[in-house]
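Visitor: Given chain A, work out where chain B should sit, using these hints.
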Amino acid sequence: MATKTISKKATTVFSSNGHSNGITNKRVEVLKTYKIYIGGQFPRTESGRYYVAKNKAGQALANACLSSRKDFRDAVNAARSAFGGWSTRAAFNRSQILYRIAEMLEGRKIQFIDELIKQDATPTQAEAEVNTAIDRLIYYAGWCDKYQQLFGTVNPVASSHFNFSVPEPTGVVAIIAPQNNSLIGLVSVIAPVIAGGNTCVVLASETKPLCAITFAEVIHSSDVPSGVINILTGKPTELIKYFADHMDVNATVYCERDETNKKLIQEKAAQNVKRILLYDNIDWNSSEAESPYFISDTQEIKTTWHPIENIGGAKAGY
Amino acid sequence: MAKAKNNTLKLNFDTKWGYSPAPESKSIAKIEAKYDLFINGKFEKPLSKKYFDTINPATEEKLSEVADANAADVDKAVKAARIAYNNVWGKMPAKERAKYIYRIARMIQERAREFAVIESLDGGKPIRESRDIDVPVAANHFFYYAGWADKLQYAFPNRNPKPLGVAGQIIPWNFPLLMAAWKIAPALATGNTVVLKPAETTPLTALKLAEIIQESELPAGVVNIITGAGATGAAIVNHSDINKIAFTGSTDVGKIIQRAVAGTNKKITLELGGKAANIIFDDAPIDQAVEGIINGIYFNQGHVCCAGSRLFVQESVFDEVIRKLKDRLETLIVGDPLDKNTDIGAINSKQQMETIHKYLKIGEKEGAEMYQSNCPLPKKGYFIRPTLFTNVAQSSRIVQEEIFGPVLTVQTFRTDDEVIEKANNTPFGLSAGVWTDKGSKIFNLTTKMRAGVVWANTYNKFDPTSPFGGYKESGFGREGGLHGLSAYLNVH
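Each protein sequence line maps, in turn, to chains A and B. Numbered according to this note's numbering, the first sequence spans residues 1 to 318. Numbered according to this note's numbering, the second sequence spans residues 319 to 810.
In isolation and in its complexed conformation, chain A is listed as follows:
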């Protein structure tokens, strides 16, 4: 552990009857170990690697897991196992669970504000970002049982059939979260994906990973089933290609403007005809970053045909 290099906001508490033998009775703060979140557990990366998350001034904030391809694979396995259960939950139940995440986040606001400030936000910015994140979860909680009626249709076919189309989740979504903020980007890309019944594997901001792991703790205490959301920390440059070419991933989300990476992701995605969603021009703090269209981006439309028996000549006249 590179404990010595980690700067802390020293909350020093002196004992009232301090000794004079050189040992101060200052309380030593307990440092948090930032691990990753896979299948409802907090393992360290299987690779044993780490990197140091720093603020702009170069001060070390924490050691973060430098997740590997195998961590990603494990996370995809967890997400796939969770998909059947999550996608068939009642929409109302998913709605309550998203609302619960917002409740839990509200209760731990101070901790997130603290982490955002450590990661170079001003107190005002930090508070605004946490508030927006909470409100965004509430926003999508409300959509869970409504977007189906917006995007579903009953289709007036010209034959004697009852025909309707409904949105269904596409499956496992691999998300490279927005890299230039710690919380709001992460929440904004996760919420519509899980509101729509998908499961996901998310790569947090490389430079600002603290809130992502703390958010995993919020998820963990919000009745979100294991594996529905999996969060890794690490380097996009190393992991992007796996997020794009894993054969059991149905869609990949990328939020940066890096043209080389966009091309790489789109090329790799062709291996199993993944859906690619590029959100490269969105201000995540603004209201343009939330809409039911983000939910529909990771939905498939299923159309079902049923014959209508049409034997007698009776008409519904009244």
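These are calculated hints, taken from the structure and not from any lab test. Quick caveat, the model's predicted, so the values are computed rather than measured. For every residue, glycine included, the Cβ atom is placed at its ideal position computed from N, Cα and C. One or more of the hints may lead you astray.
In silico PhoX-like links for lysine-lysine, alpha-carbon gap of 25 Å or less [stated by the list, open to error]:
1. B:469 with A:146
2. A:263 with B:469
3. B:480 with A:262
4. B:380 with B:397
5. A:262 with B:573
6. B:585 with A:262
Listing some non-contacts, in silico: residues in chain A with all C-beta distances to chain B over 12 Å [unchecked claim]:
7. 33
8. 92
9. 104
10. 168
11. 263
Just some of the chain A residues that point at chain B, by a computed CB distance under 10 Å [said to hold, decoys possible]:
12. 88
13. 89
14. 117
15. 151
16. 156
17. 171
18. 279
19. 292
Guide: Same frame as chain A, now just chain B:
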């Protein structure tokens, strides 16, 4: 429970059920000796100076020759489409746009019989199908989308949808006119202009459509139809001034296209291959289900991406279903596509016939039991008897890979969960079928099939209002209905 039913009746074919030939007249089909490229409202000689033959797969006789567009021809077509988009089509009031599309729909209806004959001549499909399905549904598709042109804002609440620009569209040979309609109609209704390439084995009805488009006085350059093979398609996909690629075809080519447009701003929709499960429960009306299986796999010689090529039969009715299926197979008439009695026409091309034969060999090699009907086949042309394989494994190549021919594999199952697992165990996800008399079971199955179109107690039905498209490696995007609009619009 199957025993309780009257399943002892057997069709008797001892006395020959002869049908007198009932051929549709070819005289209505006006086919030129040579076709040029339809660019900017005119038929233009190709810059490539090359032409290739299109033949009748039922007789192997040449029908006509069509231009082979090269990259320069593609560029010419794209330029025409761009100018038309900038100067005319993009500026035209939506209500007026709609009226041109309605015109095209009406003109197809007026010339429906001619279209049907040419479709069967060039592609080999039975006239009954081109007459009753391909051509009317194509006309209806234009009629349906015409009405959307001035109503787009109602389709996307809180959004202001905008056209994309020039759409490059590449279509397959199994439903030549219908696929052209599926591509062109929504693109025009949403205000885009089009460069469309029909398949090299079936270019004629698309070129006939070009004639109609010319007659309709649609502004020059709004629709350009250029013929050619893979290289022409590649030139469309790689053209830098195209905003949208819409492709229907094989999953292999779809992946190549998806890779090719990586790193560009082209929007893309893919409608690719399938390997649909058609599931029969023991409580299904068996005779009706057998008809559904036949229609599911032998419709259009099995050249259907959503064909019900994997049959799953509940164990308790396996013997009955197989017997009735074989009986029914014997009654299918394979032969002249222009004969109104024909059930199964010609395989679309020699190449496709070879592919199917390859799979028949693979199936036998894998240890499956092959059954083919005993019908006579015409001496000339590309024909294959309707075929079914029993004793196949989930891992058999004929079960896993799309054959695109009149070949059915049959597997059995005991429980709902087992068949759901087996049916979904494929990289494809285009369509599925379920046959049972129990409503709640239908909904259990239809919600759990990972496929874009699910038919319950019916199969292979299409309608302009009904969205069509796949999950997983069967592609993305929808064609048809309200959902078909977003493929051609910028909505976010």
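Visitor: Does each hint hold? Answer for all of them.
Guide: For each hint, the structure was consulted:
1. B:469 with A:146: 23 Å, holds
2. A:263 with B:469: 35 Å, violated
3. B:480 with A:262: Roughly 24 Å between the alpha carbons, so the hint for residue 480 of chain B and residue 262 of chain A holds.
4. B:380 with B:397: Cα-Cα ~32 Å, so violated.
5. A:262 with B:573: 17 Å, holds
6. B:585 with A:262: Roughly 14 Å between the alpha carbons, so the hint for residue 585 of chain B and residue 262 of chain A holds.
7. 33: Holds: least Cβ distance 39 Å, greater than 12 Å.
8. 92: 17 Å, holds
9. 104: For residue 104 of chain A, whose nearest Cβ neighbour in chain B is about 30 Å away, the distance exceeds 12 Å, so it holds.
10. 168: 8 Å, violated
11. 263: Residue 263 of chain A is in fact no farther than 12 Å from some Cβ atom of chain B, at 3 Å.
12. 88: 8 Å, holds
13. 89: The hint is violated - residue 89 of chain A has no Cβ within 10 Å of chain B, the shortest such distance being about 13 Å.
14. 117: 33 Å, violated
15. 151: 8 Å, holds
16. 156: The hint holds - residue 156 of chain A has a Cβ within 10 Å of chain B, the shortest such distance being about 6 Å.
17. 171: 8 Å, holds
18. 279: 9 Å, holds
19. 292: 9 Å, holds
Against the hints set out earlier in the document, violations occur for numbers 2, 4, 10, 11, 13 and 14.
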